[in-house]
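Student: Next come the chains, spelled out residue by residue.
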Amino acid sequence: MKLKRTIRIFKLSFRALTRNKMRTALTMLGIIIGVGAVIAMVSIGAGARQGVEAKFNAMGTNNLTVSSGSRMTGGAQSGTGTIPLKLEVVQLILDRCPSVAFASPVYQTRNQVIFENKNWNTLIQGVNEDFDIIGNWTLDSTYAGRFFEQAEVDSGATVCVLGADTVTNLFPGSDPIGQIIRVRDVPFTVIGVLKAKGQSGGPGGSRDDMILAPYTAVLERLLGGGTLTLNSIQISAVDEESTDSAMNEVTELMREYNKLEPGASDNFTVRNMADIAESAADSTNILTVLLGSIASISLLVGGIGIMNIMLVSVSERIREIGIRMAIGAQKIDILVQFLFEAVVLSVVGGILGILLGFGTSKLLHYIPMFATITTIVSTGSVLLAFGFSAFVGIFFGYYPASKAAHMDPIEALRYE
Amino acid sequence: MNPVLIRLDNIVRTYHIGEVDVRALRGITYNVLRGDFVAIMGPSGSGKSTLMNILGCLDRPTSGTYFLDDQAVSGLSDKSLATLRNTRIGFVFQSFNLLKRTSARENVELPMLYADVSGKQSRERALKALKLVGLEGRETHNTNQLSGGEQQRVAIARSLVNNPSLIMADEPTGNLDSKMSEDVMKIFLDMNREKKITIILVTHEPDIAAYANRVIHVKDGLINREDVKLDIGQGGTR
Numbered sequence: 001m002k003l004k005r006t007i008r009i010f011k012l013s014f015r016a017l018t019r020n021k022m023r024t025a026l027t028m029l030g031i032i033i034g035v036g037a038v039i040a041m042v043s044i045g046a047g048a049r050q051g052v053e054a055k056f057n058a059m060g061t062n063n064l065t066v067s068s069g070s071r072m073t074g075g076a077q078s079g080t081g082t083i084p085l086k087l088e089v090v091q092l093i094l095d096r097c098p099s100v101a102f103a104s105p106v107y108q109t110r111n112q113v114i115f116e117n118k119n120w121n122t123l124i125q126g127v128n129e130d131f132d133i134i135g136n137w138t139l140d141s142t143y144a145g146r147f148f149e150q151a152e153v154d155s156g157a158t159v160c161v162l163g164a165d166t167v168t169n170l171f172p173g174s175d176p177i178g179q180i181i182r183v184r185d186v187p188f189t190v191i192g193v194l195k196a197k198g199q200s201g202g203p204g205g206s207r208d209d210m211i212l213a214p215y216t217a218v219l220e221r222l223l224g225g226g227t228l229t230l231n232s233i234q235i236s237a238v239d240e241e242s243t244d245s246a247m248n249e250v251t252e253l254m255r256e257y258n259k260l261e262p263g264a265s266d267n268f269t270v271r272n273m274a275d276i277a278e279s280a281a282d283s284t285n286i287l288t289v290l291l292g293s294i295a296s297i298s299l300l301v302g303g304i305g306i307m308n309i310m311l312v313s314v315s316e317r318i319r320e321i322g323i324r325m326a327i328g329a330q331k332i333d334i335l336v337q338f339l340f341e342a343v344v345l346s347v348v349g350g351i352l353g354i355l356l357g358f359g360t361s362k363l364l365h366y367i368p369m370f371a372t373i374t375t376i377v378s379t380g381s382v383l384l385a386f387g388f389s390a391f392v393g394i395f396f397g398y399y400p401a402s403k404a405a406h407m408d409p410i411e412a413l414r415y416e
Numbered sequence: 001m002n003p004v005l006i007r008l009d010n011i012v013r014t015y016h017i018g019e020v021d022v023r024a025l026r027g028i029t030y031n032v033l034r035g036d037f038v039a040i041m042g043p044s045g046s047g048k049s050t051l052m053n054i055l056g057c058l059d060r061p062t063s064g065t066y067f068l069d070d071q072a073v074s075g076l077s078d079k080s081l082a083t084l085r086n087t088r089i090g091f092v093f094q095s096f097n098l099l100k101r102t103s104a105r106e107n108v109e110l111p112m113l114y115a116d117v118s119g120k121q122s123r124e125r126a127l128k129a130l131k132l133v134g135l136e137g138r139e140t141h142n143t144n145q146l147s148g149g150e151q152q153r154v155a156i157a158r159s160l161v162n163n164p165s166l167i168m169a170d171e172p173t174g175n176l177d178s179k180m181s182e183d184v185m186k187i188f189l190d191m192n193r194e195k196k197i198t199i200i201l202v203t204h205e206p207d208i209a210a211y212a213n214r215v216i217h218v219k220d221g222l223i224n225r226e227d228v229k230l231d232i233g234q235g236g237t238r
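Note that the protein sequences, when read in sequence, are chains A and B. The numbering of the first sequence is my numbering, which starts it at 1 and goes up by one. The numbering of the second sequence is my numbering, which starts it at 1 and goes up by one.
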């Protein structure tokens with residue numbers, strides 16, 4: 001079919017739509033709402049995903065965590081027994097794993113912390129002087145604080161660095177630096193305050209609700225000393241690319257240290273922060289798909305609306321179809337004319353729907369109920385919604401158009 | 001050029017209605033010469049509409065052969081039939097069959113859309129055809145603003161624009177009063193005499209049929225009788 005003829009037939013289709021403005025607008029509305037809903041819903045999902053990713057990136061993606069016990073799969077622990085995680089392993093890791101930059105032991109204890117007449121139950125983590133780098137922690141610059149040094153760790157100094165939440169609870173409106181807090185009657189001097197990281201993605205609430213202290217002091221003064229098992233070892237790789245090799249090196253070392261036979265399953269766990277971040281992001285992907293699918297149903301309903309109105313349009317214009325056929329229109333000419341009408345409805349509706357979806361996602365957080373929701377309109381979701389709406393137009397427009405094209409001209413001319 | 005424009009050889013058209021076969025045409029053999037003006041008459045149910053549809057390439061015969069302009073029509077595809085209707089045949093109907101809410105000029109341009117005539121040329125040809133049927137100054141009027149006679153003249157202009165070899169007119173004066181009928185028939189007569197366009201006219205009014213050179217009477221699916229105007233006296237063979 002010639003291009004010029006196609007263009008002229010397209011003009012016919014367009015004119016037919018402008019003749020029935022109300023009908024055209026209402027039919028389009030179905031598609032506008034459908035496309036708008038898909039874009040707005042997917043933008044909510046994408047916003048949630050980005051939020052989760054940002055939180056994990058704040059923890060540092062080149063991080064590894066070693067803990068005792070094998071990995072939990074489906075709630076059941078596989079592997080044989082649990083071997084306690086010993087302090088000397090930290091030094092071994094630092095000495096023998098070239099891809100590892102820093103490693104810190106972690107002792108954890110939950111205690112009541114007292115300052116003057118206030119007290120607060122929080123997590124006290126005994127770590128070494130590199131933990132701020134490993135955990136991607138920075139100091140809150142509004143206070144003249146610092147992180148503890150190697151000498152303090154070696155000597156078991158009773159100093160501590162506070163998480164942002166403990167500051168708000170123990171030192172509302174005052175400067176904690178230099179003050180002394182008490183944990184189980186042991187005085188710790190506050191030497192720094194960490195900058196807030198916000199809510200964690202997983203359980204346990206805020207990551208700022210904790211206190212860091214030299215592990216030596218925590219072990220000796222709070223946990224009773226001795227060769228107590230570590231809660232975990234936090235490791236950071238040299239850079240993000242070497243995270244995998246660091247993981248392999250640490251796993252190898254741990255197997256050797258625990259004297260595991262080849263083929264025996266691990267009795268410890270090395271977890272990669274990037275993997276955890278990914279699995280958390282995956283769960284937000286499910287949310288995106290779910291929201292998108294629900295919205296797609298309204299797009300589908302819009303498509304059925306197009307089909308419905310096109311069938312009406314065809315039956316209203318049987319006489320016209322007969323005239324066109326009698327004077328020489330071919331089946332394809334008629335098909336294209338009616339298909340164009342459906343496609344114009346869906347494509348113009350699609351464009352307006354993109355604007356609606358975009359507007360909705362931008363304005364959503366002005367509604368108090370959705371104030372905390374972040375939304376991201378991705379090019380992908382716009383293209384997907386638009387492509388889907390065009391497909392809907394072709395798919396639902398084809399049947400009425402083909403019905404028109406396959407009419408018998410004699411019958412059509414006789415139709416009253 | 002072959003002087004015979006239409007050659008019908010034993011044309012049979014059978015309709016299947018339920019389990020009954022209705023033979024609308026039972027073997028029509030007839031030739032129409034170029035430049036002739038033929039009227040088809042017959043009571044309703046005689047098969048004249050079926051014959052009209054076959055001659056107009058809107059329908060195919062069940063058996064028999066039909067040559068239009070030396071082209072065998074019987075075996076053509078829908079697409080080729082559409083092209084044939086577009087380029088060789090002009091239609092004029094009893095109920096005008098113009099597009100509503102569309103101007104006279106655009107109605108006349110319609111066949112040229114499907115013949116891929118350029119926009120500028122279609123416009124020129126449409127204006128010329130409208131002038132020919134005496135509708136100069138009415139080009140931009142929508143069809144519903146025109147009288148019945150004017151509408152039929154628009155339809156005639158439309159049938160002419162692709163320079164067809166044949167104009168099929170199905171009861172063209174059926175919806176017109178006698179004055180308008182006379183005007184319309186005069187245009188047909190002019191087309192036939194001056195432009196040598198072959199016209200086949202279906203009517204049941206004897207005074208309309210009288211404009212034609214020959215009148216064939218169809219009855220029970222067969223040509224029953226043929227009247228030839230004595231002053232012409234040539235052509236059609238049975």
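It is possible that some hints are incorrect.
Stretch by stretch, here's where chain B covers chain A in the computed footprint (C-beta under 8 Å, at least three residues) [as the list claims (entries may be wrong)]:
no.	stretch
1	4-16
2	316-330
3	401-414
Label-pair distances were calculated between CB atoms; the ranges are [as the list claims (entries may be wrong)]:
no.	chain 1	residue 1	chain 2	residue 2	range
4	A	Lys4	B	Asn144	45 to 55 Å
5	A	Thr6	B	Arg60	40 to 50 Å
6	B	Gly134	A	Arg15	20 to 30 Å
7	B	Asp220	A	Phe10	44 to 54 Å
8	A	Ile351	B	Arg193	32 to 42 Å
9	A	Met22	B	Ala72	18 to 28 Å
10	A	Leu300	B	Ser63	22 to 32 Å
FYI, nobody ran anything at the bench for these hints, they're computed from the structure. Using N, Cα and C, we set each Cβ at its ideal position, and we do this for glycine too.
Student: Now look at each hint and say whether the structure bears it out.
Tutor: Tested hints:
Against chain B, the stretch 4-16 of chain A contributes 4 residues with a C-beta closer than 8 Å to a partner C-beta. That satisfies the three-residue criterion, and the hint holds. Chain B is given as covering the stretch 316-330 of chain A, and this holds because 11 residues of the stretch bring a CB closer than 8 Å to a CB of that chain, at least three being needed. Coverage of the stretch 401-414 of chain A by chain B holds [criterion: at least 3 residues with CB-CB distance below 8 Å; count 3]. For lysine 4/A and asparagine 144/B, the Cβ-Cβ distance of about 29 Å falls outside the hinted range of 45 to 55 Å, so the restraint is violated.
A hinted range of 40 to 50 Å for the beta carbons of threonine 6/A and arginine 60/B is inconsistent with their spacing of about 29 Å. Evaluation of the 20 to 30 Å hint for glycine 134/B and arginine 15/A yields a pass: the beta carbon distance comes to about 28 Å. At roughly 49 Å, the beta carbons of aspartate 220/B and phenylalanine 10/A sit within the given window of 44 to 54 Å. At about 57 Å, the beta-carbon gap between isoleucine 351/A and arginine 193/B misses the expected band of 32 to 42 Å.
Between methionine 22/A and alanine 72/B the CB atoms are about 50 Å apart, so this pair departs from the stated range of 18 to 28 Å. With their beta carbons about 49 Å apart, leucine 300/A and serine 63/B fall outside the hinted range of 22 to 32 Å.
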